[in-house]
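**Student:** What follows is each chain in one-letter form.
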Amino acid sequence: MNRQPVQRVVIAGGGTAGWVAAAALIKQLSPLIEVTLVESDEIGTVGVGESTIPTTRTFHALLGIYEQAFIKASQATFKLGIEFENWRRKGDSYFHAFGSVGKSVWMADFQHFWLEARNQGFGGDYTDYSLEAQAAKANRFETHEGSTIGYAYHLDATAYAKFLRGLAEPAGVKRVEGKIKKIEQHPETGFVTALELESGARIEGDLFLDCTGFRALLVEQTLKTGFEDWSHWLATDAALAVQTEPVGPIVPYTRAIAHQNGWRWRIPLQRRVGNGFVYCTEFMSEDEARARFLAAIEGKPLFDPRLLRFKAGMRNKSWNKNVIALGLASGFIEPLESTSIHFIKIAITRLIQNFPFGRVTDAVTDHFNRQSRREMEHVRDFIILHYAQTEREDSPFWRRCRAMELPASLAERIALFRDHGIAYQGNDELFRIDSWIMVMLGQGVWPRSYHQLARMMEPGQLQKALSDLKAGIAQQLSRLGDHQTFVRAYAPAE
Amino acid sequence: MDRPAVRRVVVGGGGTAGWVAATALVRHLGPLIDITLVESDEIGTVGVGESTVPTCFTFHKFMGIDERAFMRATQATFKLGIEFKNWGQVGDRYIHSFGTIGTRASWMAPFHHFWLQAKADGFGGELGEYCPEWVAGEANKFITDDTRPLAYAYHFDAARYVQFLRGLAEPAGVKRVEGKIRQVAQNPQNGFVDAIVLESGERIEGDLFIDCTGFRALLIEQTLQTGFEDWGKWISTNSAVAVQCMTDEPPIPYTSAIAHQAGWQWRIPLQRRVGAGLVFCAEFMSADEAQAKFLTEIPGKPVRDPWALRFRTGMRSRAWNKNVVALGLAGGFIEPLESTSIHLMQIAVTRLIEYFPFNGFDDALIGHFNHKSRREFESIRDFVICHYHQTEREDSPFWRRCRTMEIPDSLAERIALFRENAQAYQTQDDLFRIDSWTQVLPGQRLYPRGYHHLARMMPSHELRQTLANMRTTIANRVAKMPSHPDFLNSYCPADDA
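Those protein sequences? They're chains A and B, same order as listed. Anchor point for the first sequence: position 388 equals 903 in the working numbering, and the numbering is continuous, going up by one each time. Anchor point for the second sequence: position 313 equals 501 in the working numbering, and the numbering is continuous, going up by one each time.
In isolation and in its complexed conformation, chain A is listed as follows (with noise of 0.2 Å):
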């Protein structure tokens, strides 16, 4: 075991991975640790992450960034949430949206109470509840002190990690340019204790944090850590990627459209949109990818589209000897339901609740690898559910998807909701309850039975109790402008 006390923390490989954790760690620890960030201008780094969730502004809040320096930096947009579109047959459409919706008591969440409406033949969409829903539809967006609107941002990733390096830097980070030719163990405890560059420098270190990516130099190369494959669940494995100039107005969603082997994404930024076309290359070849890609999107495209090679799946443990593994090098998830960023985030929030300042023991990185599993295996399975709960059956691809067998935690939930209209939020689980309402709805899940508390009310009530929910977000609805009126005005890109 390592009974040195942690001090110099070392992270291998820039990007979004490694500037996060760079400019959380500096700002948060800073008079404890040392941070070291090794980076080569020659790799290339993934950016597909580049719709993000609301907890991305809790993220900045505790590292203190200014919401509109960000943005401006970063060509932000606002997101209130996601659209999907063909998930549950070709020509359909729902609304994934954050925040929350209508109002729930202790015995029985909302849902409840608007299943019962339903079946006394009023009541509407379950969306109608949601602000920010409507206020997607109709392209508006306003955020001020004190307001509760629900939202995240669409951002540039390589901006992105460009600002949070220029927050890291002059708070101490130390960044060395270089490939890492080398990595150092410790010949009895295989702990890492440094990392040769190929120009020859050594950087010696206590914790590890490994950002490189799907190379997974530390954590796998090295460490032989070991990893899930998830494929047989998510079986795309390959994404073209290209951003386009912008055609019509700035919209406050991503949107998230199925076709036959995959979906593809469009995300709007202030300047661009960004492009993505995901799929399986077991029905599709990659011509036959970049041919649907170019004809399907919008506006002129800035380059030749950009191929990317994944596999769904996560390391056997994120945190394996003094190696910590963040972002890609920890596992993958497709981009659906824009959880990236989210996974680096909260795993480095997690590093500084349970820093090792002492010694690294089994303790410490059990607790922290069964959190790590248990928020991947949840996002898993809300992915999941978007590919096989479906009545898609035009081609192999949602043939299999609609077949497959699923995890038993997502059987369950989906069993929940249909014969009683109820979903739940673990421990460590990302996803509201209301999240998988909207997407179990959307994808065609409709309860069979549901609490019967609103049967208690008096004659009237609900229908009044409803209505009133719907005026209400009517009212704030018209206090906001549009959306790209406001971002312009906001914060515009620099």
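Think of the hints as simulated: they come from the structure by calculation, not from any bench. Ideal Cβ positions, reconstructed from N, Cα and C, are used throughout, including at glycine.
Derived DEER-like restraints, expressed as beta-carbon distance ranges:
1) A:Ala986 - B:Gly389: 56 to 66 Å
2) B:Lys368 - A:Asp983: 43 to 53 Å
3) A:His747 - B:Gly218: 47 to 57 Å
4) B:Ala656 - A:Gly687: 27 to 37 Å
5) A:Lys605 - B:Ala373: 51 to 61 Å
Subject to a maximum C-alpha distance of 30 Å in a straight line, what follows is the list of computed BS3-like cross-link-like pairs (lysine-lysine):
6) A:Lys689 - A:Lys587
7) A:Lys739 - A:Lys694
8) A:Lys677 - A:Lys826
9) A:Lys618 - A:Lys652
10) A:Lys542 - B:Lys307
11) A:Lys618 - B:Lys249
12) B:Lys489 - B:Lys273
13) B:Lys249 - A:Lys979
14) B:Lys560 - A:Lys618
15) B:Lys421 - B:Lys560
16) A:Lys815 - A:Lys652
17) A:Lys652 - A:Lys979
Assemble the complex: chain A is given as a structure, and chain B must be docked to it using the hints.
**Tutor:** Coordinates of chain B only, in the frame set by chain A:
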């Protein structure tokens, strides 16, 4: 109004579990369901669970129970925590208080990491001094009002509590049937319980049955053979003697749990008397020896002969099986060291109300319910085991065995995390909070080797000043509170009955 398919709820057995269930169901779902409770005046109830945890307050609030009326009717006193004597070592004493210790100054680490830094720097006082409930408990002070300035629970007379609940439930529509259960009739095809047949021959049919028949577990075990998971290897106490005593002592606002060579004793102060009990492991102490020890040490004249109880620690493999939900002792038993019995009933009936099977029974719902019950039970089990295992006592075979026994992985991990880094955590179905673990583990003589160093980022004199101010603020607050007996006298003096 449409009536649900599952509408007729039959509660088998009265006692605390039965009446807690009946009252909560009728209060929350009364218009939708019919509730019948079957009990026999001839069958005594086990009344050990007279000390509660703060969730009891919330449960009562949701039911709209008037706190003063409840306290007057049940001779209740307020409870701010539990005093543990002789647990880490003979002569040791610590208090596990309710409430929050310190303030959450940082998302990075809870308050006790600041305190540990202070201790390393040679100042900071006692951890309890940062907890208003601890300070008030030690000073025998108490106050409550609409702002609920202290986190508290109750001590009460369980038999009177049952009467009190019955007085709410019957007028609200619960039908009580007097009689002994002779037979449980099952559906020949699916094994679901169809009806309870009484000795009188009366047949009480239902859609959903709640088994509150205590250790006998007439429906869940004798009928459905659900199975029991035995935890005796970890919690080996299996017997108790208990009695109420007269007392002139003014009641203190905490329970006492005093360890002895083969178990422990409780003292539960009520308004006019003290509940006392002695829990022991029959392998290391005979019933006669226990009885003799108990009678010489009880704090006053017993109001009757002590009654003896035998029990087995563990839980029903499934709390909900087919159309039977087991509540209270029928669902499982963890000895009352942390006063969790009534909590487990209340949380189970609350969950049943949330997950009420209006349109029938299926595995997803039942599985989810059972999964949550199991996590709750196991987490309480771990907390109780911790008191026995994490000790330096070696003065008897009982304690030597406790010290060296293997413990569940979940607890071993918690202990290791605290020992190495002073970390504690509470997950969704855990009753006990971080502050509970941070009081009990050091109380049991486990002192952390490391802790979060965030407090090193502030100057030592600033830390010293901040902590001193916190202690002073709490001490001043508590000094202004009335004494616990005075407050009881003005707020909720026990009814003459």
